[in-house]
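K.L.:
Protein chains in written order, with the numbering used here: chain S, 1 to 630; chain P, 631 to 718; chain A, 719 to 1019.
Source of the hints: derived by calculation from the structure; they are not laboratory data. Where hints are given, some of them may not hold.
EDC-like cross-link-like pairs, simulated, lysine to aspartate or glutamate; straight-line CA separation at most 16 Å [stated by the list, open to error]: (1) S:568 <-> S:517; (2) A:1000 <-> S:462; (3) A:1015 <-> S:190; (4) S:103 <-> S:120; (5) A:843 <-> P:709; (6) A:1015 <-> S:195; (7) A:857 <-> P:709; (8) S:200 <-> S:190; (9) A:775 <-> S:442; (10) A:775 <-> S:462; (11) S:434 <-> A:999; (12) A:974 <-> A:999; (13) S:237 <-> A:999.
Under 10 Å between C-beta atoms, here's a sample of chain A residues computed to sit facing chain S [claimed, not checked]: (14) 730; (15) 756; (16) 780; (17) 924; (18) 987; (19) 988; (20) 1011; (21) 1018.
Calculated from the model, a selection of chain P residues having no Cβ within reach of chain A, i.e. all distances over 12 Å [stated by the list, open to error]: (22) 635; (23) 644; (24) 648; (25) 653; (26) 654; (27) 672; (28) 676; (29) 679; (30) 699; (31) 703.
All C-beta atoms in this analysis are idealised placements derived from N, C-alpha and C, irrespective of residue type, glycine included.
One-letter residues, chain by chain:
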Amino acid sequence: MDLNFIIGGPQGGGIETAGLLAVKALAMHELEVFADREYHSNIKGKHSYSHIRASDERISSIKYPVDFVGALDVETIATHYKDLRPGGVLIHDAALLDKPITKLPPMEKERLERLRAELEVGNVGTTVKELDEWLERGGKVVLPFPFSRIITERAKLASPMIEKAMNTAIATVLLRGAGIPLDTIREAIDSLFMEKAEAKELNRAVASAVSDGFDEVSRTKEMGTRSAIGKVPARGKRMLVAGNDAVAIGKLIGGLRLQTYYPITPAADESFVIEQHSSLFDPEGELVGSPIVIQAEDEISAICMAIGGALTGVRAATCTSGPGFSLMVEGIGWAGMNEVPVVITYYQRGGPSTGLPTRHSQSDLLFATSSGHGEFARIVLASGSHEETLYDAVKCMNLAEKYQVPVIHLLDKGIANCVTAINPPTLGKIERGKRIGKGAWEYRRFAFGDDPVSPRAFLGEELMWYTGDEHDESGHISEDPENRRRMYEKRMSKKEKILREVPDEDKAVLFGDENFEDLLVTWGVTTGAALDALTELRATGSKIAVLQVRMMEPFPDGFLSKFLSKAKSVMALEANYIGQLAELIEWNTGFEVKNRILKYTGRLITQDEVVNAYMRIKGGEERVVLTGGE
Amino acid sequence: MGSCKGCKWWRPDYFFDNLGECEKKSGICPENKDSCEMYEEKSETEFCWCRDCRITFHASERDLHRGHDFFCRTRVDQDAHEYTSTGD
Amino acid sequence: MSSDWNSGVWPDWCPGCGNFGIFTALKGALSELGISREKMVLVSGIGCSGKIPHFVKVPGVHTLHGRAIPFATGIKVSNPDLKVIVHGGDGDLLGIGMGHLIAMGRRNPEILVVIHNNGVYGLTKGQASPTLQLGKKTKSLAFPNINSAVNPILLGIASGYTFLARSYAYNIEHLKACLKQGISHSGAGILEVIQPCPTWNNIVTMDWVEKNTYYLKDWDPVVKDDEDAVKKAQGIIGIEAGEKKALGIILTDRRKDPFGKRLASVYKRYATEPPAAQQVDKGGAPLSIDLEKTFHKFYIH
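Let the sequences and hints guide you as you build the complete structure.
P.N.:
What follows is the structure, encoded as structure tokens:
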């Protein structure tokens, strides 16, 4: 089975909680889940939704068209009725029936104009009821459900938590429609409202009342026949995480001791999670670690504080998004010059400038790999799934200390906000890199040697100097050309060392048939859609493989060339305009990446889009621009 | 009588320290290494300029400059800024 | 002996530069405070004043323009055992880095910020700095300055600093005493040092300082209580409104918790084991963290 549904409503009205409740219940039902959260740069009132997918197979993307749309308001109906597959079900409060469809002040005027035009062409009418009838005529199923009546009459709510009640109500109907038993829904409620007794009771009552109502409305059965979720075998312990959570957990396991940040979307949640879990206990209940989180006055300060922390020997990191990273660049240059192990978790969002603050993008790849004046070694590692993100958060700290370079963990809004279930992490290893030996009588922080990485001492241990100027082995300013050459080469030769030592699986990963003809090259969260499409395409006989590039700097040109040289055609798949990974490959390897599948609407690339785009490329198109999703 | 080196009136040029200004004379003078009738022994000043180390130092560090040539003051060309390039 | 504190790197300041005075007083203060060398960190911005860490024989971090305070804050919060002093110019700390200066006052970490105030951007040829007064025209300016000057002491009060002082680069004993008090103060401090720039600033000369400053007498800088704090603030506004610049300790407020204490109120382990004192691994393996307990809320039960 493969179930896709949308649950939408006004932003700030608890629609995220409804989505999370649904994901949680589906995961508790032992299903694989993947959920995308789409929201505006707004606190309250604009349209927001979750696209939730559940399957008994591994999934790592979303897919259109959807089976159900659960709408809390008219705007959701108006925005998403087109997303339904033939026979798909639209559920909304029966109280909305006589509302006008196009009287939507929060809706952007461009969208409203499109909506009006669509309704006019279809000769639909002006009320929700008329739209419902039109949809039914077109083979969709509409289920006006008396949510508000059930909540007020049956759940007999003493509490004024209307928003929570409405969200739970709609989630309950969708879940029941998908075949999830009430007990599981209640368990999910208990888990979600673990620390809020009053909310828990309220939501349990609402779920029960709505569930009773569900059984009484005969047409709800049509939902069940369409989703057909059976009981799935148990999968063992799993964790439900967004990418922000995965990074936080990875950093906490990996020994992070100082996190600095300045509030920005979609990065800030990571720091909240670290703060909330800053007491790390061992199995005996002993506190074994307690990192601190500092909210800086700006991103410049955030990176500089993290560097300061790293100089004292603590594992230090910061997290940000494009606009913040733009400000951090001077600090990263200083870290490059002074060989400071510092980690920057970089969640891309739509740019340039403030751009699309809450929407997805992969348009900062070239910026991350080349930001800053001058030349210096850095590592840019891009994760393609939530599980990988968690492990990479640990790896980035290891790499930073092992090679004494700034490390950019390059992620995107897709990873940051999408929610999925992962296996609990196994504790890997911690590599702290070269440290000073005992009895070094005259310590030189940047001592030349066979290895470009000099033994490290921390502030407080030895005499040492750091400077953003070119410096000698002790860290004092030096403009001597011979010293300059040697110091420059010491820093830059780390690139070769890194390429030599980092394992192949951290550079790039090939999925699919070794004897491929078409090679789909991708990165970041888009990897998930590529992999889901790969399964679908291989089932129909396509000789395709997916190459996920992970290490963007230093660029593993040699390793990639092995795959590129074998491909009959290479196509890049990424969420930006020019095909930044494609450019990076061409620049570094000389291989032409002629075909590019691109998306820059701020919405995720979906499985169906990849399949269609692949077909279009096979049909002769060179460049395919994707536009799906609201 | 002593030479310019030990004289309180002598201000060697910062760059060309064989030349300088004598507060008792006008114009640029070469440093007089022999004796001079204007000579007056320099007294201890809080800060001195050491010709050997080419730094300004404080009286408390005089021991570090034993045997060096140091002066009460140096002469800085008032137009020195015109010859300076930006440095940071 | 303050010479023990010379790193051996040649100080490349112009002859007569006020930085030599600050350098001398700083070495004297470090020597008299008896702090062990490795436990000190001098953090600086850029420009002429930014070079000072290289000349002093204690660990030094010469950072970016305006960013010395964030670097210093990161160092101090991670390892509170270290004595951290920031040195920066007036352009550095009151111009490009002004936001950080204000933020530091709000946090009150035990860091002393020494502002080398010479009224100009020396190493880029003497442009007007934020402390150059309106209408003044120093050597390299084409026109008189059309910006008003900022007052770092008043800014310090507004930002919550708990130690404020002003001294003069060539009064070594006075400056040393201010440095010692500032370094020993348990909170955020600003020490403004009036510093002649013989190359660029032909206004603030030694002679000018002589005529335009005075040493505070009969002023008790120590804040006793809330009421006294208001009185002190009003008094300081009065002092700063005067035509001549007051030299001396202007404010000492020990009532506010330093940042370390504030962190310890949130992170229970901070006081005994700050980040730099914590283990992160056991011989290459991560610490044995109880994942299910620590990350309880993420588990699907």
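K.L.:
A separate judgement is required for each hint: does it hold in the structure or not?
P.N.:
Each hint, compared with the structure:
no. : hint             : result
1   : S:568 <-> S:517  : holds (5 Å)
2   : A:1000 <-> S:462 : violated (24 Å)
3   : A:1015 <-> S:190 : holds (11 Å)
4   : S:103 <-> S:120  : holds (15 Å)
5   : A:843 <-> P:709  : holds (13 Å)
6   : A:1015 <-> S:195 : holds (10 Å)
7   : A:857 <-> P:709  : holds (9 Å)
8   : S:200 <-> S:190  : holds (6 Å)
9   : A:775 <-> S:442  : holds (13 Å)
10  : A:775 <-> S:462  : holds (11 Å)
11  : S:434 <-> A:999  : holds (15 Å)
12  : A:974 <-> A:999  : violated (36 Å)
13  : S:237 <-> A:999  : violated (25 Å)
14  : 730              : holds (9 Å)
15  : 756              : holds (6 Å)
16  : 780              : holds (4 Å)
17  : 924              : violated (28 Å)
18  : 987              : holds (4 Å)
19  : 988              : holds (7 Å)
20  : 1011             : holds (6 Å)
21  : 1018             : holds (5 Å)
22  : 635              : holds (17 Å)
23  : 644              : violated (5 Å)
24  : 648              : holds (16 Å)
25  : 653              : holds (16 Å)
26  : 654              : holds (21 Å)
27  : 672              : holds (16 Å)
28  : 676              : violated (7 Å)
29  : 679              : violated (6 Å)
30  : 699              : holds (14 Å)
31  : 703              : violated (8 Å)
Of the numbered hints given earlier, the model fails hints 2, 12, 13, 17, 23, 28, 29 and 31; all others are met.
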